[in-house]
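Asker: Residue numbering for the sequence shown follows UniProt numbering, starting at 1 and increasing by one per position.
No lab work stands behind these hints: they were computed from the structure. Quick caveat, the model's predicted, so the values are computed rather than measured. Mixed in with the good hints there might be a few duds.
Stated by the list, open to error - In the DSS-like style, the derived pairs of lysine-lysine whose C-alpha atoms are separated by at most 27 angstroms in a straight line are: (1) 295 with 305; (2) 305 with 290; (3) 321 with 295; (4) 478 with 305; (5) 450 with 321.
To be verified - Label pairs and their computed distance ranges (CB to CB): (6) 260 with 284: 30 to 38 angstroms; (7) 118 with 329: 42 to 50 angstroms; (8) 157 with 275: 17 to 25 angstroms; (9) 293 with 121: 48 to 56 angstroms; (10) 142 with 286: 21 to 29 angstroms.
Backbone N, C-alpha and C define an ideal beta-carbon position, used for all residues, glycine too.
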Amino acid sequence: MTVSREDAVVVQATQAGKSFMQALHHHEHKLHALVKHGCTMVGNVEVAALSGEVKAAVESETRRDAWKNTLEEDTRKTQEALKQIHQYWEKVVTLTIPEDLYDGLCQLRDWSQELTEQKVWVIGALRGELRVLDATYTEEMLQHAHQRSELLRRITEHVTELHQAYRHSLREVQGVEDKERAELVEYYGRVWDEAVTELNQKLQDLLHDRLNNRTSRMEQIIELKLHGAAPHTAIKDKLDSDIEKQVEESQLRYSQQVLQQQYRETTAMVSEARRTLNAITPTLNNYRRKAEAAKERRVAQEQAKLREAGRMRELNQQYRKRLANNSAFFSQQTQGLSQMHYQKLHELVMEEIGIHTEADVLRLLRVARRYISQRPPGSRGRGREEEEREEEEEEAIGGRWRGECYLVILEKSGEEGSVGAADVDEEGPLYAQEGEEAARWSSFLNNFCKRIRVWTATRDALTQYRDVLIGRLEEMRKVDRLRRENAELRFLLQGVVNDL
């Protein structure tokens, strides 16, 4: 069986296409194996880095638990101290004796000083632990950053090598593909040119041979064109379609390789992001729990502050009411005692001197004035020092009451009784009774001084009672001030505990 030249060319082109596709598949498998090996190495490096980070996280969690236990122990001790202070403070508040209250306040001051020293010690210890923790955490962060940078450098170098190898392999495959395609196109072009040249040569020969018989030659040319050029045209169309199919297949394969590489890179990025998210999730949950706990503590503290403020307002109102009641009671008692003192004094004067009418008052005033004005000068000169000493003793005993004061009281009582000024000059037949009136006046003054001493003692007792009430008020104010200072100290300690 004879094979034409065109069929041989088609068979040769088909074989060349098959060899080209086999070479392309062979290089594609090598490239896939190389990329798979590189991804495996990158995954191993990432797993090693992740295990190192997990180990460091476990160590830091262990240290954090130890520090947390220490801080909880310090907080428990502080809370116990505050509880003891509060119990002792409640005991001190219930005391009613000023001496015991003073002792309780001194003990409370010692407790406050001891609590302040303990607070300073706790704050210093916490600051030292925080400094150690900060240094350790900084050192660990530097080590982790160094390890992470070294790991990233190695991964970058390895990925760069893989990328370069992939590019080199891709260039080789593309070079082989371009070279074979160019050779095939060049070969098909030569075949086509030779066929066209041969056809033109035959046409020229036929035209030259049948120049004289133009009609027959034209028919032969037409027949040759219709029947002789058909195989060449079919071969040309078939070659063009084969070339287009091979080019399209090559483009599709190249696009498929690019898409596969992009899919692998995207998958690696998604895996890395997933691992990062899984590593960060416990930390985020821990921070969320801490934020919720801090919010709950803040709400509890605000509620406790509101309750404490309400209690302090109630205590302040109670103390104010108690102080107002005591002040009103003291003022009422003082006014009542003063009024009663004046009434009793007036009754005593009236009872002692037997005054029943206005004439008796005027008579007593005249006798007293005449007795004082007509006192012998010798006796007044001799007993001046004794009288001054007796007056000083009476002033020391009875306060500022003297004989002239009694006369003033009698004159005021006489004026209140509407005694006329004209009746003062009347003198009755009482000159013979001057000795009896003087003795009666002396006994009246003595009895009256005794009563004045009693009322002076009563006034001193009331003054002492007032001083006791004032001292009690000052002690209550001091207790309120110490309670406020204790509340402020408790608030500061609570703030320190919350900060820790």
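Asker: Evaluate each hint against the coordinates.
Answerer: Verification of the hints:
no.: 1; hint: 295 with 305; verdict: 15 angstroms, holds
no.: 2; hint: 305 with 290; verdict: 22 angstroms, holds
no.: 3; hint: 321 with 295; verdict: 39 angstroms, violated
no.: 4; hint: 478 with 305; verdict: 22 angstroms, holds
no.: 5; hint: 450 with 321; verdict: 40 angstroms, violated
no.: 6; hint: 260 with 284: 30 to 38 angstroms; verdict: 35 angstroms, holds
no.: 7; hint: 118 with 329: 42 to 50 angstroms; verdict: 44 angstroms, holds
no.: 8; hint: 157 with 275: 17 to 25 angstroms; verdict: 21 angstroms, holds
no.: 9; hint: 293 with 121: 48 to 56 angstroms; verdict: 26 angstroms, violated
no.: 10; hint: 142 with 286: 21 to 29 angstroms; verdict: 23 angstroms, holds
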